[in-house]
Amino acid sequence: DAKTTQPNSMESNEEEPVHLPCNHSTISGTDYIHWYRQLPSQGPEYVIHGLTSNVNNRMASLAIAEDRKSSTLILHRATLRDAAVYYCISLRQGAQKLVFGQGTRLTINP
Amino acid sequence: GAGVSQSPSNKVTEKGKDVELRCDPISGHTALYWYRQSLGQGLEFLIYFQGNSAPDKSGLPSDRFSAERTGGSVSTLTIQRTQQEDSAVYLCASSPDRARLWNTEAFFGQGTRLTVV
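Going down the list, the sequences are from chains A and B.
For the first sequence, the numbering used here assigns the number 115 to the initial residue and increments by one for each residue that follows.
For the second sequence, the numbering used here assigns the number 1435 to the initial residue and increments by one for each residue that follows.
Honestly, the hints are just simulated from the structure, not real lab data.
Here are some of the chain A residues that sit facing chain B, going by a computed Cβ distance under 8 Å:
#1 E159
#2 Q210
#3 V213
Below 25 Å or equal to it, Euclidean Cα-Cα: the simulated DMTMM-like pairs (lysine to aspartate or glutamate) are:
#4 K117/A with D1490/B
#5 K183/A with E159/A
#6 K117/A with E1539/B
According to the in silico footprint, chain A covers these stretches of chain B (three or more CB under 8 Å from chain A):
#7 1473-1485
#8 1542-1548
Beta carbons: idealized from backbone N, C-alpha and C, even for Gly.
All chains, full assembly: derive it from the sequences and hints.
Encoded structure:
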């Protein structure tokens, strides 16, 4: 699995979009990009994942760079409930476990 | 229940005692994972089950830690002779049996907070 690099922390305002970056410069063609988040005092929860194309779901959008060396998780309209640690994880086909880094701690200001 | 269930939610034990932590995965999920998260730290992988077998036990920190899974369902993580450094939140996750982890999602429980005094 490719190593991922994320900023330690980010801050945004309620009702504004948030763009959370992730670098994975050593990614291979069969590595999927996953995002999980961990709200305070809770277990992690899945947000979104993708391979090559941009992905959208009810929680967020995932924009993957054309060279796949970076990606961005987009929260379209942040709420206070989106304050969490966001983890970007690269998972190779055949991988049998999620390996979490330190993630990005997102603070949302009212 | 619809989600991954862990019990107890909190456990306080005396140093040297054994503890058992339980995980009930989502029905039908054959993959089950244990993680631990010490205060202010990241998530540390402990062990992975596929069915009742554990192909990857690489994260178990010492031989005081063991885990089993029976009937392809419930899993128990046992810590013998607990030490203060074992204090952490122990998280369990499961993922669907017809898909592979890299192209699906894992579902986490709320965790068991273990405090060794």
